[in-house]
Amino acid sequence: MRVIAPQAMEKLVHLLSDDGYEVVGPTVREGAIVYDRLGGMDDLPIGRGDDHGQGHYRLRDRGDKALFGYVVGPHSWKKYLFPPRETLVRVLRRDDGGFETAPGEAPPPRRAFIGVRPCELAAIAVQDRVFLGQAVRDRAYGARRDGVFLVAVNCAEPGGTCFCTSMGTGPRAHGGFDLALTEVIDGDGHFLVAEAGSEAGGRLLERLAPREATEAERTAAERVWREAPARMGRSMRGDAREVLARSLEHPRWEETAARCLSCANCTLVCPTCFCAQIEERPDLEGKVSERVRSWDSCFNGEHSYVIGGPHRTTVAARYRQWLTHKLSTWHAQFGSSGCVGCGRCITWCPVGIDITEEVAAIGADTGGSGP
Amino acid sequence: MSALAAELQGHEPMAPEPWRILAVRREVADGEVFTWTLEPLSGRAATARPGQFNMLYLFGVGEVAISVSAIEDDGAVVHTIRAVGSVTRAMQGLRTGEVVGVRGPFGTAWPVADAKGRDLVLAAGGIGLAPLRPVVHAVLARRQDFGRVLLCYGARSPRDLIFRDELDEWQVRRELDLRVTVDRGTADWKGDVGVVTQLIDRGGFDGRNALAMVCGPEVMMRFSALSLHRRGVAPERTFVSMERSMRCALGFCGHCQIGPHFVCRDGPVFPYPVMEPAFRVNEL
Chain A
1 MRVIAPQAME KLVHLLSDDG YEVVGPTVRE GAIVYDRLGG MDDLPIGRGD
51 DHGQGHYRLR DRGDKALFGY VVGPHSWKKY LFPPRETLVR VLRRDDGGFE
101 TAPGEAPPPR RAFIGVRPCE LAAIAVQDRV FLGQAVRDRA YGARRDGVFL
151 VAVNCAEPGG TCFCTSMGTG PRAHGGFDLA LTEVIDGDGH FLVAEAGSEA
201 GGRLLERLAP REATEAERTA AERVWREAPA RMGRSMRGDA REVLARSLEH
251 PRWEETAARC LSCANCTLVC PTCFCAQIEE RPDLEGKVSE RVRSWDSCFN
301 GEHSYVIGGP HRTTVAARYR QWLTHKLSTW HAQFGSSGCV GCGRCITWCP
351 VGIDITEEVA AIGADTGGSG P
Chain B
1001 MSALAAELQG HEPMAPEPWR ILAVRREVAD GEVFTWTLEP LSGRAATARP
1051 GQFNMLYLFG VGEVAISVSA IEDDGAVVHT IRAVGSVTRA MQGLRTGEVV
1101 GVRGPFGTAW PVADAKGRDL VLAAGGIGLA PLRPVVHAVL ARRQDFGRVL
1151 LCYGARSPRD LIFRDELDEW QVRRELDLRV TVDRGTADWK GDVGVVTQLI
1201 DRGGFDGRNA LAMVCGPEVM MRFSALSLHR RGVAPERTFV SMERSMRCAL
1251 GFCGHCQIGP HFVCRDGPVF PYPVMEPAFR VNEL
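Sequence lines, in order, name chains A and B. If you number the first sequence the way the working numbering does, the last residue is 371 and the count never jumps. If you number the second sequence the way the working numbering does, the last residue is 1284 and the count never jumps.
I should point out that these hints are in silico values taken from the structure, not numbers from a laboratory. The beta carbon of each residue, even a glycine, is placed where N, CA and C say it ideally should be. Hints should not be assumed to be uniformly reliable.
[Said to hold, decoys possible] Label-pair ranges, simulated between beta-carbon atoms:
hint : chain 1 : residue 1 : chain 2 : residue 2 : range
1    : B       : Asp1030   : A       : Pro282    : 24 to 34 Å
2    : A       : Pro282    : B       : Val1281   : 31 to 41 Å
3    : A       : Gly55     : B       : Val1281   : 21 to 31 Å
4    : A       : Thr314    : B       : Trp1189   : 38 to 48 Å
5    : A       : Ala125    : B       : Val1028   : 29 to 39 Å
6    : A       : Gly352    : B       : Asp1206   : 55 to 65 Å
7    : B       : Val1084   : A       : Pro282    : 15 to 25 Å
All chains, full assembly: derive it from the sequences and hints.
So this is what it looks like as structure tokens:
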């Protein structure tokens, strides 16, 4: 087991930066942990933690020097790989009435993500299957995804709305990263256990001059890994896929719709939601028209619009679409659940609708053996 | 950006290819339904199959999913469009020689080959005749391969009937049993008045040995399927073509989902048993 000092994060940021990466990671902004450019370790949310509940999120001072002592914020890495708004292609009108096409944007920078939670690694893998695993490759996603350097940070203190254990995605990462860190704060000791997940990760780790863990450090790290799963605030029924597939006419949809504001917060904070609209943006001269992709949500009325009106006119139908897609039909489409158990949709729902509670309520009525 | 950088980024699947309008034809008196014959400006396009669709693009306006309504031997593709939304209304004003964008073809095709040696029932409602027309063409080109062929076509009124010349020709050639009905007749209309299911109920085909393809509004497809099944057509040999909002046609944008199915990728043509559960659930 290799360990590095917390101060090595400063060097890690600079090494990646020197290697040509745009280094992004967690930082505090407007009362929340968000992902943004990191200039050094001082930009990390040092000593900050966060409390999560249904429709509740507050930063707090931890009283220590933890670098990664929070859970997850409203942002996910989706905003870098599948940005909220991007120009996919520019269409250039020619004088003869025809047109040609040109790239919508300059090639994206090669990025290093610092502080990727195991549930977020799983979310990236889910979106990889959506955008890169179908017959046609999504060029824009692929251009951002290729060459990303992933520094994962395992969760020592999952939050009140977390349920990654029940989704099989955390709280410890077992692959899909270049480097994985576990932050251990044990009495006076404060160190990071580092595991390489790729050759590039191994080379970077060597440049950080790691040392072997002492017996006490090893014991402390193993205690973090052992105890974290029990700190989950919530859990999802293991048979969510089947429960929802047989409950399309359940009265709960109407009951929840009476609370749901159809505001789309859940789909915006969800690290796997991929619905997008394509907008045509011509310039004033009529010479260039951009095809712009931006996040859409199945909670928006226009999402299901065809001539004659939207297919899903009611909030109940939209909530059912979101939940059944995320937890049930996603399996048939992409071979896994669309939910990774990060809990963001619970935390950031303004009326506190809880995805685990909804499935439990529907499951309780329709039988089956939920855990 | 350099050409090399663009090359490294790879092909952009949302980039339309320029195609020229070779011909424009009005299908109804007011021009609300019109047919374009299109050919690619350069290169060869993949050949569409009956039932598939293209994304048709108008510079500065947007893109719509439109089924192919005929496939020419020389690679030209024919689309029949109803001007009902912002993009299709703008398309209504285009003339021969103008350039539009095309992406495609996309989606599943009607299983024409599976109908060989069988009776074939085609049921169309309104503009739903357009995606079925390439099937008629394919069948008439190898008429001896198929048993009895019925085309049951329902429109709102006699004025809304599309492909009038071809309907007359099919009627005259007597190679298929063409039955047409309208919701509301006019003084000079001598044909049937009523829903398209009544034309199916009249029979004239061996249901147990028939294959059926249905395209029209969802309620029309659902009740047509019920009529077909009453006549003995196996549900798994009944096919429907679904319509949903399609923005990308690639399975990325998420808009066209019906339950687990992406209409753009898994459809638009589905075996009826695959769609039947969705027909039962309101607003799925």
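Each hint, compared with the structure:
1. Remark: the range hint 24 to 34 Å for Asp1030/B to Pro282/A is upheld by a beta-carbon distance near 28 Å.
2. For the hinted restraint 31 to 41 Å between Pro282/A and Val1281/B, the CB-CB distance of approximately 39 Å keeps it satisfied.
3. Judged by the Cβ atoms, the range 21 to 31 Å given for Gly55/A and Val1281/B holds: they are separated by roughly 30 Å.
4. Between Thr314/A and Trp1189/B the beta carbons are some 39 Å apart, a value that agrees with the proposed interval 38 to 48 Å.
5. For the hinted restraint 29 to 39 Å between Ala125/A and Val1028/B, the CB-CB distance of approximately 51 Å leaves it violated.
6. The hinted window of 55 to 65 Å between Gly352/A and Asp1206/B holds, with their beta carbons roughly 60 Å apart.
7. Against the hinted window of 15 to 25 Å, the Cβ-Cβ separation of Val1084/B and Pro282/A comes to about 22 Å, which satisfies the hint.
Hint violations for this structure: number 5 only, all remaining hints satisfied.
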